[in-house]
Amino acid sequence: MVTITLDGQQIEVEPGTTILTAARSLAVNIPTFCYQERLSISASCRMCLVEVEGRNKLEPACATAVAPDMVIHSHSEKVVATREDMLEILLANHPLDCPICDKGGECELQDTVFEHGKGSSRLRDFKRVFRERDIELNKVIVFNANRCIQCQRCVRICEEVVGDVALGTAERGLDSEITGVGNSLKDCSHCGNCIEVCPVGALMSVPYRYKARPWDLLETETTCNMCGTGCSLTAQVRDGEFKRVKSSLDTGINGELLCAKGRFGFDAIDGGDRIQQPMMRVNGAHVPVSWNEAIRFIATKARVVMESGGGIQGHISPRENNETAYMFQNLMRRVFGSQDIHASTRFSGLRKAGAIEALAHVVTGYLDRKPFKSVLQAECVFLLGSNVSQENPVSGYLLRSAIRGGNKSLFIASSRPCGLDDLAAASMRLLPGNEAQLLGLLMQDEPKMANNPINGFVSVIQPTVARADSIAFLIGTEFLRSSLAAECLRKIAQVVDYFKAQGKTVYLQFLFDRPNQLGLWDMGCLDGIAPGWQRSASSPKTTENLPDLTYILGSDPLRNSARDDPAALSQQRSTCLVVHTSHYNKSAEQADVLLPATPYGEESGTYTNNEGRVQVLRPVREAAQNQPSTRQVFNLIAQALGQGAGPIGSDQLHVPIAADFPGFGSFGDTADMRMAARTSGWPISEGDTDAPVILPENIDVKGRRRYLITGDNLFQSGQYTARSGVLSSLDATPYVELNPGPGPDHAFEGMMVTLVSSGNSFTAPLKINRSFDKQTVFVAERFLTEGGKAIHFEGEYPKLVDVVISGPEKRASQV
Amino acid sequence: MSDARSLTDIKRDLATGVRQMRARYPTSRSAIMPALELAQQKYGQVEGLTYQAVSELLDVPEIWVFEVASFYSLFDRSQTGRHHLRLCTNLSCMLRGSDALMQHLQNRLAIKSGETTSDGAFTLTDVECLGACEMAPVLMVDARYHGDLTTDKLDVLLASLAGQPTKEAT
Amino acid sequence: MSELVLLKNIDNPDASRIETYEKSGGYQGLRTVLRDYDPDQVIETVKSSNLRGRGGAGFPTGLKWSFVPKDNPLPRYLCCNADEGEPGTFKDRILMERDPHQLIEGMVIAAYAIGCKTAYLYIRGEYSVSIEHCQQAIDEAHALGYLGQNILNSGHSLDIHIHKGAGAYICGEETALLESIEGKRGQPKLKPPFPAVAGLYECPTVVNNVETLACLPHLFRRGEDWFSSIGPKDAPGPKLFGLSGHVRKPGLYELPMGMSLGEMLEVYGGGALNGAFKAAIPGGVSAPMFPSDLFDVKMDFGSLAAAGSMLGSAAVIGLDDTASIPVVARRITEFFNHESCGKCTPCREGLTWAAKILRRIEAGQGQVGDVEQLAMLCGGIFGKSFCALGDGAAWALGATIKHFRHEFDALIAPQTMVS
Ligand SMILES: Cc1cc2nc3c(=O)[nH]c(=O)nc-3n(C[C@H](O)[C@H](O)[C@H](O)COP(=O)(O)O)c2cc1C
Ligand code: SF4
Ligand code: FES
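Read top to bottom, the protein sequences are chains E, F and P.
With the first letter of the first sequence counted as 1, position 116 gets the number 116 in our numbering; the numbers rise by one all the way through.
With the first letter of the second sequence counted as 1, position 16 gets the number 16 in our numbering; the numbers rise by one all the way through.
With the first letter of the third sequence counted as 1, position 247 gets the number 247 in our numbering; the numbers rise by one all the way through.
These aren't lab readings, by the way, just hints derived from the structure by calculation.
From a predicted model like this one, the values you see are computed outputs, not experimental measurements.
Heads up, the beta-carbon is just placed ideally off N, CA and C, and yes, glycines get one too.
Hints are supplied without guarantee of correctness; some may be wrong.
As the list claims (entries may be wrong) - Below, simulated DSBU-like cross-link-like pairs (lysine-lysine); rule was C-alpha separation at most 30 Å, straight line: (1) E:408 - E:301; (2) P:402 - E:408; (3) E:57 - P:402.
What the hints assert, rightly or not - Incomplete in silico selection of chain E near chain P, CB under 7 Å: (4) 55; (5) 138; (6) 139; (7) 172; (8) 173.
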């Protein structure tokens with residue numbers, strides 16, 4: 001430790017600490033502009049200059065490391081005068097158009113001038129004016145050059161954290177201007193983090209422009225519902241109308257970072273077609289009914305089914321919160337007496353025998369419920385089966401920062417290329433399901449499969465892995481769609497044991513593409529698994545044994561699953577389909593009973609993110625009047641079936657939840673949820689883990705056949721994001737992404753791709769991505785499930801499809 | 001630059017030279033400056049398609065190329081005349097009469113500093129110190145220095161240049 | 001005048017050819033080094049010779065080299081700073097155009113000392129003759145085994161690549177120069193870490209000026225004692241001074257340090273062009289000027305620093321009675337403003353503002369308080385900018401006001417009376 005004296009106070013700090021960090025730990029206020037946590041140090045704004053005894057020049061506090069017995073003055077006369085001069089010089093060219101500036105009221109320059117400025121300027125000449133008009137760099141980012149103070153926070157965050165390198169600086173000296181190529185932002189992720197870090201009103205949000213003044217806005221801090229990263233965000237509303245999302249350095253796993261979906265997709269709460277009241281199908285058409293009537297109908301139907309020994313199936317969307325999920329499984333188990341509960345129809349691999357047991361085995365015994373930050377401390381980070389930069393963009397940003405900042409190796413094996421490939425020490429394309437094979441080889445001293453690319457990859461990374469004291473496995477959940485899900489899960493458990501046995505620290509976290517996937521499972525929304533991963537009898541399920549009543553909460557399995565997929569079949573043949581959801585969707589159209597649910601943004605509760613952290617959801621506006629909330633509806637159904645009503649408040653529900661799942665909500669560096677869960681009946685069973693991996697056939701994809709894979713992209717989180725006006729405007733047209741093989745890119749300009757499979761086809765413009773391998777083709781899930789004729793996976797994932805590229809120049813050609 | 005030149009053309013033109021430059025450095029980013037210089041030698045200027053070509057040849061973000069092109073003042077981002085006259089107006093040259101020479105040049109060519117004559121023969125620019133103050137005032141004509149100038153010497157120089165069709169090689 | 005060292009062959013039209021250079025003892029210093037010295041001994045010798053950098057800061061060369069960590073496994077780089085752009089300065093150009101092998105030989109010696117295998121010679125883009133001649137010298141040296149693999153069978157190897165600047169004075173600042181070689185905008189980088197520890201591509205790097213490196217062959221050929229016998233003890237060795245501006249005989253002069261500014265201007269510069277000298281700038285426009293009554297100052301690092309200026313690039317600019325100091329101040333400030341990289345607030349914003357005020361004063365629109373504004377700006381920039389460009393600009397401007405305030409007031413006064 002080093003002892004220093006700052007403004008007369010003595011403190012001890014770690015060697016290497018900067019004066020600024022030391023000062024902030026003492027709550028000494030040193031103004032800064034260019035400094036931003038997690039970005040490289042620039043030390044260019046010169047606002048933080050302080051006096052260090054024995055040095056003849058003032059030193060930038062942000063960049064100067066403490067030295068033993070350093071005596072620092074951060075408020076001496078000289079320092080104060082310097083700040084005043086610096087602000088006067090900075091304001092000389094600043095337009096001072098605060099009354100019409102979007103940033104007015106939350107501007108760091110304005111605040112700093114109030115606090116540290118002199119209040120008057122002697123500089124009276126004409127100000128520099130770059131341009132009269134602002135430049136819309138793209139659909140969400142607009143730039144006013146005159147206000148820019150060249151702190152370069154935007155440029156640094158874009159390159160160092162987001163990894164886009166879309167922003168840069170043109171010209172030099174006073175003419176320096178932030179810009180993109182040709183005044184637009186090529187390669188921009190539209191994350192808007194540059195807007196967030198801009199201290200002044202230079203970079204602004206197009207959707208928020210001139211919409212409100214910060215002081216008129218009502219703020220609610222809540223958790224994003226786009227993916228499992230679980231970013232904190234602040235939704236701002238005026239007169240009940242949503243205006244903008246902000247994020248703050250001090251809160252959440254994400255700090256100031258958000259992705260395009262998080263920052264610009266919140267308007268989805270105002271989109272889509274809201275279901276206004278209960279409805280029932282009469283002669284094929286939906287007619288409004290009273291709540292009473294609808295509930296009575298469901299209760300009567302359920303009673304008949306139960307008495308006749310029929311089946312009742314439940315589906316819940318991974319966007320539902322823990323509390324609602326807990327009540328939902330109660331409704332299914334205690335009221336309807338059914339175990340047949342599904343939390344994601346997309347993960348068809350979980351329907352295979354033994355898969356759910358393997359999942360429980362991994363989640364209870366191996367998953368690390370630890371801060372992502374601590375997982376990122378591993379020397380070796382293994383990213384498996386995930387396009388993290390598109391499905392969990394902020395996790396990707398954090399990963400990029402950690403890899404850039406630290407001396408560590410990143411390995412990537414996934415079906416889709418991702419934005420972190422350039423940082424990876426090694427990367428390869430791997431078909432979903434082959435994770436099992438890769439992990440298996442990683443555990444062999446000498447990988448034995450000759451001529452297999454996985455083999456080559458493993459031998460490249462093995463020396464580094466062997467040397468590392470700590471390894472983090474970050475695993476996407478794409479493999480859960482494949483028939484090899486169970487094998488993958490078993491190999492995941494084995495590989496953790498394997499490296500732990502070598503004395504390494506091993507971390508395991510999943511990268512879920514939905515905000516509460518883990519939470520739903522924790523809450524018992526799985527067939528045969530009660531809350532807290534306790535074993536409970538599972539229901540037999542075959543196509544012969546179709547449910548007589550299906551209750552869908554929030555999800556849209558009729559859209560998501562294949563025609564002859566058992567899950568989809570069940571609803572089609574169900575004698576009674578209850579759809580309880582906030583907005584119209586494919587399943588809702590088919591419903592026998594349609595109940596409005598409380599949407600995200602109007603209900604309180606919690607989500608469990610990828611870390612296992614339970615985070616609060618707060619309503620950002622009042623829920624619709626005269627409608628029972630989703631949880632109230634469950635009580636009404638229970639009561640109609642002669643059972644008592646349970647608590648519905650989020651806090652009250654935590655009591656029974658914690659009783660079933662000890663440790664729920666406790667989270668931190670120390671809380672070991674693994675142990676808590678391990679006691680719940682999923683011991684490591686040798687028989688399970690030693691099951692041989694069934695290696696997938698190495699199909700030689702010839703001619704026009706390719707494997708179709710799907711998932712989210714930067715602007716999509718399933719169908720949900722289709723409700724966002726802003727996101728839809730950024731990503732409105734479907735595309736098929738693939739590597740077309742030889743030939744310059746421009747030769748493929750304007751080409752269309754048609755995918756054909758068992759009579760169905762999907763056609764969209766070609767998007768070239770040469771980082772794909774030549775045996776895969778990608779279509780974002782939202783596009784694949786939209787529109788009439790779609791390709792269905794039918795439990796086969798990845799799916800072999802015929803690919804035909806055709807275009808204006810060439811006639812249909814094979815690839 | 002003529003609109004006819006396509007990205008593919010530019011990449012083809014520059015590929016070999018850029019590859020040679022690239023070999024001198026451990027990172028491809030380092031070759032941005034030499035690559036832009038090659039392009040400028042070839043086309044007399046650098047612009048949008050050049051940035052894209054260099055970015056693709058070196059596999060670096062295009063904005064990096066543009067940043068460099070706009071930071072350094074020797075890169076011409078618009079078409080210049082057949083001869084580029086760069087008159088040093090910095091202190092040592094100023095003390096020895098560069099202001100009068102600038103006036104003279106502007107009058108003779110009927111353009112202002114920063115402009116190109118309508119026949120496309122000359123571009124005139126006032127520049128910072130050329131590092132030849134011992135022969136102040138100095139004019140850089142394309143790649144060569146001409147020192148100890150007077151208005152008479154300038155006239156002779158202009159006359160000889162008018163007959164000369166292309167830029168001297170660097 | 002004593003024996004010429006650096007400029008010995010300067011008037012020989014064939015000086016740039018390797019045969020000429022070898023005939024006059026060229027590459028003997030390198031042979032001696034490779035034969036008799038290990039790298040550490042080279043560094044020690046340079047240290048004890050007291051050779052100080054000729055690029056501007058006068059930093060002891062041997063000491064700089066000794067900062068290169070011995071146990072760092074990364075490659076080491078040598079970068080020669082030939083970005084010469086400080087107004088008034090032209091010495092490096094003349095060395096490179098006329099006698100470039102001195103530099104190449106010096107680079108090989110320096111690279112040997114620090115264990116560098118790849119060196120970059122950063123020449124400003126305008127210097128096309130220097131670039132040609134240096135490239136030719138590199139090729140010739142390669143052909144004769146002074147460069148490339150296993151130089152003179154010593155086991156030492158070196159490649160030198162020329163990196164052309166493209167018109168940015170700031171790239172003469174050593175960290176900006178490194179950024180420029182890395183293909184970035186030439187903006188200075190934070191120190192520490194210093195280049196010796198983490199410079200080019202984050203590897204240990206030494207940056208030296210052309211003249212500094214050109215001294216090395218002579219130092220090793222003729223010995224430390226000979227070297228130290230030239231000029232004052234604390235600043236020995238051959239030194240080039242560039243005389244320009246209002247002097248009768250502008251040109252490059254090799255003179256021992258320690259001579260008075262007045263003598264240099266009168267004896268070597270041949271006196272003022274018109275009338276008498278009013279002032280002079282001793283080391284390029286970044287160096288504060290002296291009015292003629294202070295011309296006794298000695299032209300060496302220490303004396304000039306003590307007198308509130310610096311030797312800088314040893315570019316002496318004479319200003320005679322016809323020079324208007326506010327105009328000189330305006331031109332200098334415009335230069336720095338034009339060349340400011342734009343990174344830090346005080347230099348980027350402050351210099352523009354100062355130039356604006358100075359232009360106004362020159363145009364007869366000065367106002368009472370303008371000089372105070374200029375002083376405030378100088379105070380806000382000096383010692384507070386990120387790199388020495390801002391400092392130099394404010395320092396130089398400050399000196400014009402300090403010594404010639406009356407000239408500014410004279411331009412402002414009539415206006416104020418009107419309004
Ligand atoms: C704005 C600025 C411009 C500079 N320009 C040059 C230059 O053109 N040539 C040079 O050798 N040094 C220049 N320097 C000094 C270099 O930063 C560095 O100190 C020098 O190259 C070191 O070489 P030396 O130790 O041999 O003197 C400049 C410094 C600054 C701050
Ligand atoms: S003082 Fe600042 S703006 Fe000026 S050149 Fe140096 S770093 Fe750039
Ligand atoms: S915050 Fe330290 S210089 Fe900007």
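Hints and how they fare:
1. With a C-alpha separation of about 59 Å, the suggested pair residue 408 (chain E) and residue 301 (chain E) falls outside the 30 Å cut-off, and the hint is violated.
2. Straight-line distance between C-alpha atoms of residue 402 (chain P) and residue 408 (chain E) comes to about 55 Å, which puts the hinted pair past the 30 Å bound.
3. Of the supplied pair hints, the one linking residue 57 (chain E) and residue 402 (chain P) holds, its CA atoms being roughly 21 Å apart against a limit of 30 Å.
4. Annotation: interface hint on residue 55 (chain E) violated; nearest CB of chain P at approximately 11 Å, more than 7 Å.
5. Below 7 Å, beta-carbon pairs count as interface contacts, and residue 138 (chain E) has none with chain P, the closest being about 23 Å; its hint is therefore violated.
6. Because the smallest distance between the Cβ of residue 139 (chain E) and any Cβ of chain P comes to about 28 Å, over 7 Å, the interface hint for this residue is violated.
7. With its C-beta approaching chain P no nearer than about 5 Å, residue 172 (chain E) sits inside the 7 Å limit, and its interface hint holds.
8. At its closest, the beta carbon of residue 173 (chain E) sits 4 Å from a beta carbon of chain P; the interface hint therefore holds under the 7 Å criterion.
Going through the hint list in order, the structure does not satisfy hints 1, 2, 4, 5 and 6.
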